[in-house]
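There are 2 protein chains.
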Amino acid sequence: MPDQYVYFFGAGQTEGNGRMKDLLGGKGAGLAEMARIGVPVPPGFTITTEVCRLYLQGHSYPGGLHEQVASATARVEEATGKTFGGGDNPLLVSVRSGARFSMPGMMDTILNLGLNDATVASLATATENERFAWDSYRRFVQMYGDVVLGVPSTDFERLIDERKEARGVKEDTDLSADDLRELTGAFKTLVAERTGEPFPDDPQAQLWGAIEAVFRSWDTPRAKAYRKVNGISDDLGTAVNVCTMVFGNMGDDSATGVCFTRDPSTGERVFYGEFLVNAQGEDVVAGIRDPLPIARMAEVMPIAYQELLDAQEKLERHFRDAQDLEFTVERGHLFLLQTRSAKRTGRAAVRIAVEMVDEGLISIDEAVLRVAPEQLDQLLHPMLDPSADAKVLTTGLPASPGAASGKVVFNPDAAAERGAHEPVILVRRETSPEDFHGMVVARGILTCRGGMTSHAAVVARGMGKCCVAGAGAIEMDEARGRFSVGGETVSEGDWITLDGTTGRVILGQVPTVDPELTEPFMRLMEWADQFRTLKVRTNADTPADAAVARKFGAEGIGLCRTEHMFFEGDRIDAVREMILAGNPTGRAIAEARLLPMQRGDFEGIFRAMDGLPVTIRLLDPPLHEFLPQGDAEIKHLSRKTGIPTPQLRARVEAHHEANPMLGHRGCRLGITYPDITWMQAQAIFEAAVNVAAEGVSVCPEIMVPLVGTAEELKRQRRIVDEVAEEVFENAGRRVDYMVGTMIELPRAALTADEIAAEAQFFSFGTNDLTQTTFGLSRDDAGRFLPLYVEQGIIPHDPFQSLDIGGVGKLVEMACRLGRGVKEDLKLGICGEHGGDPKSIEFFHGAGLNYVSCSPYRVPIARLAAAHAALNDPRLKEPRMVQKREELAAAD
Amino acid sequence: MPDQYVYFFGAGQTEGNGRMKDLLGGKGAGLAEMARIGVPVPPGFTITTEVCRLYLQGHSYPGGLHEQVASATARVEEATGKTFGGGDNPLLVSVRSGARFSMPGMMDTILNLGLNDATVASLATATENERFAWDSYRRFVQMYGDVVLGVPSTDFERLIDERKEARGVKEDTDLSADDLRELTGAFKTLVAERTGEPFPDDPQAQLWGAIEAVFRSWDTPRAKAYRKVNGISDDLGTAVNVCTMVFGNMGDDSATGVCFTRDPSTGERVFYGEFLVNAQGEDVVAGIRDPLPIARMAEVMPIAYQELLDAQEKLERHFRDAQDLEFTVERGHLFLLQTRSAKRTGRAAVRIAVEMVDEGLISIDEAVLRVAPEQLDQLLHPMLDPSADAKVLTTGLPASPGAASGKVVFNPDAAAERGAHEPVILVRRETSPEDFHGMVVARGILTCRGGMTSHAAVVARGMGKCCVAGAGAIEMDEARGRFSVGGETVSEGDWITLDGTTGRVILGQVPTVDPELTEPFMRLMEWADQFRTLKVRTNADTPADAAVARKFGAEGIGLCRTEHMFFEGDRIDAVREMILAGNPTGRAIAEARLLPMQRGDFEGIFRAMDGLPVTIRLLDPPLHEFLPQGDAEIKHLSRKTGIPTPQLRARVEAHHEANPMLGHRGCRLGITYPDITWMQAQAIFEAAVNVAAEGVSVCPEIMVPLVGTAEELKRQRRIVDEVAEEVFENAGRRVDYMVGTMIELPRAALTADEIAAEAQFFSFGTNDLTQTTFGLSRDDAGRFLPLYVEQGIIPHDPFQSLDIGGVGKLVEMACRLGRGVKEDLKLGICGEHGGDPKSIEFFHGAGLNYVSCSPYRVPIARLAAAHAALNDPRLKEPRMVQKREELAAAD
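For the protein sequence lines, the chains are A and B, in the order given. Numbering-wise, my numbering comes out as the position in the first sequence, counting from 1, plus 408. Numbering-wise, my numbering comes out as the position in the second sequence, counting from 1, plus 408.
The reader is advised that the hints may include incorrect statements.
Listed below are several chain B residues computed to face chain A (Cβ distance under 8 Å; list not exhaustive) [unchecked claim]: (1) K1048; (2) N1067; (3) M1069; (4) L1070; (5) T1117; (6) F1182; (7) G1183; (8) L1195; (9) S1209; (10) G1213; (11) K1217.
Non-contacting residues of chain A with respect to chain B, defined by C-beta distances greater than 12 Å in every case (computed) [claimed, not checked]: (12) N537; (13) T581; (14) F844; (15) T1080; (16) L1114; (17) R1155; (18) K1217; (19) K1246.
Hints listed in this document are in silico derivations from the structure and should not be mistaken for laboratory results. Think of the CB as a built atom: it goes at the ideal place given N, C-alpha and C, for glycine as much as any other residue.
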């Protein structure tokens, strides 16, 4: 028996099912599953992703494919009573792509395939609607000409516009059947001119042309870009779904729509969506006509609406997840065209997951896994300050929640260019897949047309980006680089602010406030905490940051950068005096001024973190960073210190370094100026005993930066221990503390066994470790790193997500060597990778005790850590069994 | 039986032998061995190094030590017929340190110990020389006061000067016995005042004080500094040698001297040395009186001379190596006080080793191991150009060969300070151990006093540093920072040049010429080549360098830096145009101009290396390095290119990088500007086919720099292969070539298995690998690296000798991973460590195929590679047996 390349669905003879997503793609598997469970779908068949892979490898189809397609076509003809390419009741089909993962708008679709000059007449007769038949035909020629034959859609649109002008009408719907027939002829002439070949009249040729176009579209640049952004493998390929056409544009008893089983913005359990009467699906998605809320369908076509309600409930229960559905009502008959897991905002994802647990649909571990950690980002970022003075220009649809300020740009190229270095808001009449690269970099998206399910809205929600859609009051004047609304003119480069939660478009920049933590969010995080084994700390330099992080669930501070305190107020003067002193006495005087300030900082942080560990890093950056740069600053300091300007300038210049990243910094400062280490240790321990006297529970973990040899740590540690003893003796009180080191140089990782002998903990400084392992300055990488990512030389920016194959090897080596010497060595990570879910999964696997990240990423890290634990085969069995049993008991 | 801590020697009862250097130190073992084979030594005993270690750990002596010392003292009394601390014939002893390795001038010595007011009278009577007795006594008090009790020697000298002034005499020898008695009293008073304790009169107390001083002196800063420079472990400890005093200052039938069994400067087989009649040994070494050549002894005291001749021959044959001897003639009786392997210049080391093979004394493998690779440095560095116009100021003793130019400094601190950034010549009246830190950094040393065996001469030869000693015509005026000679005044900071081979002192800087390669050198190198398994290549960027290196035995080029060619002549203009073009077309035009120049360079190098492989590195440095820096240069380029100055400056500034070492360089240039790789590959292959047409045998190895991922190499290699095919096709001729990569980033080492799949060879770029592994910019390390070495935080500068524990781990990992994928992967190293003997030993062990170093270090690398092979236990047995058999057959 030959391999099966084609799977029929519909009419009680469905061959596939919902689990076959790899082979049939998401859409094909969804259609098969719907058909299998008795939801009405138009009969059709799916050509497998395997055929795509074979085709793209060798540009030919496997043997037997044509026969299988022919046989499946015959079954569709049988099921529908129609004939493909002829007869009184011609069978028209849609041809759509459908990959394993949903890629909205990225792949091309052909509708109404099977029409030609003969079948159009039959269609007109069968439907008793000549205008409909010719409108379908001209749409088909336009779409096929564009997608399969490469004639730009705008050229067809121009012919339509000319025709409308000639007829003196405004809307496409005002064109008559004759107009449409003539237009169809003109379209075919256009295609013949452009391609040098007549438009294919043979439906079989049309079908195979469309199939090939779907396969080819897998490799278009925009499809590749989408896959890259979303981390989808290029090797999967797409299936082709050939499906009986059903028509939502057969009159007022017909309709088409898109709906969600729950609100994809808020997650509320309401049936949600939009529909258009007498329209085809593309009209909804493209946002060309403003659709009606789905609830209105109850009035317009109550029977079909009830069927739809039943179907959506059945589908959600069946798939145990919120679904995104496409449907068409053809002359009163409902057909579901697609079901898939609904894209949703982070807020919605959380609420849906939590409520589905309450509804008994899913277990709590499933709920935790249902929310992608990155999705929480939207919930955690500041919102517009409601009390701020906001000049609202207009209000559109709240298409994707959150808030964003940026400078107005009017096209995706400008967005990509300016957005690289400043925040931009992309303002478009409506968006299309061609805009994707601009949408990726924009902070927010504003459109004048389209609804909640328009391209802009769907894509923005998928990216967790704020979007206001269909702000119809806006008058675009792209040619002059501006738009007007309510008598106000906004030009390219002007600041506007979008509130995607309310739909407001606001002039200028608006201050933001911290987000409210919802009850579903708090419950989900509690569940996540039950599963994870990694602790989550935060990087915080101030009591305020520490408090925010603690509210988000931080279990300590993993990185407190003492030098950030140096810049506050007039402290920088004392710091500069310390650096420029040139001798120990001068340094000592300046340090004596700094000591009480640092001590005060630490007291505040210890109080905010009462009961939790606080890791404090000793002075790290090259001293040059603290020195005045310009002439004015040098003169100012000269007046303050009494050092003559030329001398001061010379001393400042003497601190210049060729490669400051690899220079006199980190513990090298503490080695050459042991008094600085002494002063910082004194401030830490004095602060600790002071707050301990107030009853605060405190455990400082003192971290020595940029250690390359065990000897460096040993010497710095000796100073810290000496200072501790002295302070404890003076205070008559002791506190527990630890001394450890950053592992941020390859040499530290390579000699971690030696270093571990001197350390009570390691904290991986993956930012610097990435810089040194790659030999890559983060400040300079902009010249080539984007190109490297774009060309696939590296799979992602190693500063965003850990380079597991290189830097990760060093991390694993250091863990192994360190724990080999000291079994209970505490291991953490305080680089920015500590907030990146993929990296967190790796750190979990490497056996770290904690990750540390910025306050706003703490919940993301908690959830990512839970995912890592749930996906860890070493932990899975006993934990899952236990949790499932708890769930069962709670039911 | 208790542990033996004391070993007696002399009088046919010697307990130790020459192999016991670890326990008895070099001097003690030498004395024991001399006594054992019948060479006359004064009886005495050695306290072992073990006692030193125990003492320094616990500051107490092991049980039984006092008894063993007392017993050994009794044996000395018996052997000499003298009594320690009393009697008519009092026994006086010297107490000297003696470590495993010779550390000249570094450890302290006490002479004439045992004298007090009672024994001095007995001594006067026994020797019938009152003046001698009191002179010995005052010397003892001075020396003991200085070394053991810490009263500065200069304070004693002041008392002597006062006495001489009072007496109206000039020389010490003009002082009478009474003067000396009074001086001795004054010395003792001085000591009592300074220390608050009377000077010890009890000889036992004197002895134990001296022993303790020797042990303590092991840990003085200058001893530590010497050990650090010479790589001697701090853990060895020193022995104490207590030896019967013999006196070279008992009149004209007495003498003392230092001699060598062969000339330590040239290696010539002549008995060589100096002596002083009626003097003590310290007078020779300190250079205070000018000694006579040893041959003169044949006239002055012929019998003793003949005994000395016999002894030196016996000792050289016995130890099978050139010896450095100290002797004293006491009233006509010869005593050898010390024998040790003679320090020698590189030239002498080579000649002695080769001639000893000819004499049948040693085997060729021993000869190869006898010469330290670093010693060859002296033979290979340029010498003064004999034809150059040299204004000779004066001529001193040719104390250590070679030539050096530098600015005059008059004290070691100034030398250490200035010498860090410019060449200096240290000019001293005479040197002492306190000058050591200045001698280390000086290019050369000039003294006014002292002979060929003075401190300056011995230390300079040991360091392979040029030295002219005893230039007596020089009048020093240190106070005014200048010296005069022959009517010429030379001030601090003026340039002078020393010729250590002839003793000339020359005003100004003198050009140098290549050294002559001597016949013994050539023979030794041939032998070395028989043993080594590592190939030795050179780093050379020009045909001239390549030719020099080939003469020195280079077996190919391991690193040809193409960018160095970019700076020649007006090429830099084309390079700058290429960089600043801003678009591919502009770059292409500039590249077309560069192409023929690069091609011509490569042709020259290929011809010079006919038959040998040539590794060419593609463009590596950040482009900024090629751009004009100052305003004048920018204006010049603006005129040449027609780009307006402000625009040009902006373009230049746009290339500025925060950390250029980690920036847009190496293959990152080739990835972003593939046309540059294309141009360079074209120049290489066109040059290769051109010279191949001339009959030259050529094999370019094209090396891609700064690879961090396999994908980078793959893409660059694809370009190179494409260009090769195109060039070969056009030329109708093919040449063999390879494409490989530098391993100079930690990530490259960590992923060497992936990279090996794309590479035909690896070349370790250990300079950059050290920078990235340590996170240490070589340009900026000056602020802290010297301190790190000084304080022992790191054992040595990792840029000079490979950091085996860190960087070495990556090298080994890369070798293992690379060869795991590709068994025949060619491995080399082209960092500066390729010329460092210790690093070469490591590279041999890691299994590299070759090292590459600068042309003048090629012989050093060849010899170091031979040492590595000879010391490799994996290779030792069969090779040594074979070579020894060959030697036996040749005998």
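Hint check results:
Checking B/K1048 against chain A: minimum C-beta separation of about 25 Å lies over 8 Å; hint violated. The criterion of a C-beta within 8 Å of any C-beta in chain A is met by B/N1067, whose closest approach is roughly 4 Å, and the hint holds. Evaluation of the B/M1069 hint against chain A yields a held restraint, the C-beta minimum of about 4 Å falling below 8 Å. Interface restraint check for B/L1070: the shortest CB-CB distance to chain A comes to about 4 Å, inside 8 Å, so the restraint holds.
The criterion of a C-beta within 8 Å of any C-beta in chain A is met by B/T1117, whose closest approach is roughly 6 Å, and the hint holds. A least Cβ separation of about 5 Å between B/F1182 and chain A falls short of the 8 Å threshold, and the interface hint therefore holds. For B/G1183, the shortest C-beta to C-beta distance to chain A is roughly 4 Å, which falls under 8 Å, so the interface hint holds. Taking 8 Å as the C-beta cut-off, the interface hint given for B/L1195 holds, the closest approach to chain A being about 6 Å.
Below 8 Å, beta-carbon pairs count as interface contacts, and B/S1209 has none with chain A, the closest being about 15 Å; its hint is therefore violated. About 6 Å separates the beta-carbon of B/G1213 from the nearest beta-carbon of chain A, less than 8 Å, and the hint is met. A cut of 8 Å between beta carbons decides the hint on B/K1217: the least distance to chain A is about 5 Å, and the hint holds. For A/N537, the condition that its CB be more than 12 Å from all CB atoms of chain B holds, with the nearest at approximately 58 Å.
A/T581, annotated as away from the interface, keeps every beta carbon of chain B farther than 12 Å; the closest lies near 50 Å. In this structure A/F844 is separated from chain B by more than 12 Å, as the shortest Cβ-Cβ distance comes to about 25 Å. Not every CB of chain B is more than 12 Å from the CB of A/T1080 (nearest about 5 Å), against its label as outside the interface. Annotated as non-interface, A/L1114 brings its C-beta within 12 Å of a C-beta of chain B; the closest such distance is 6 Å.
Chain B draws A/R1155 into its interface by the beta-carbon criterion, the shortest separation being 4 Å against a cut-off of 12 Å. Not every CB of chain B lies more than 12 Å from the CB of A/K1217, the least distance being 5 Å, so the non-interface label is violated. Even its closest Cβ contact with chain B, about 18 Å, leaves A/K1246 beyond 12 Å, as expected for a residue assigned away from the interface.
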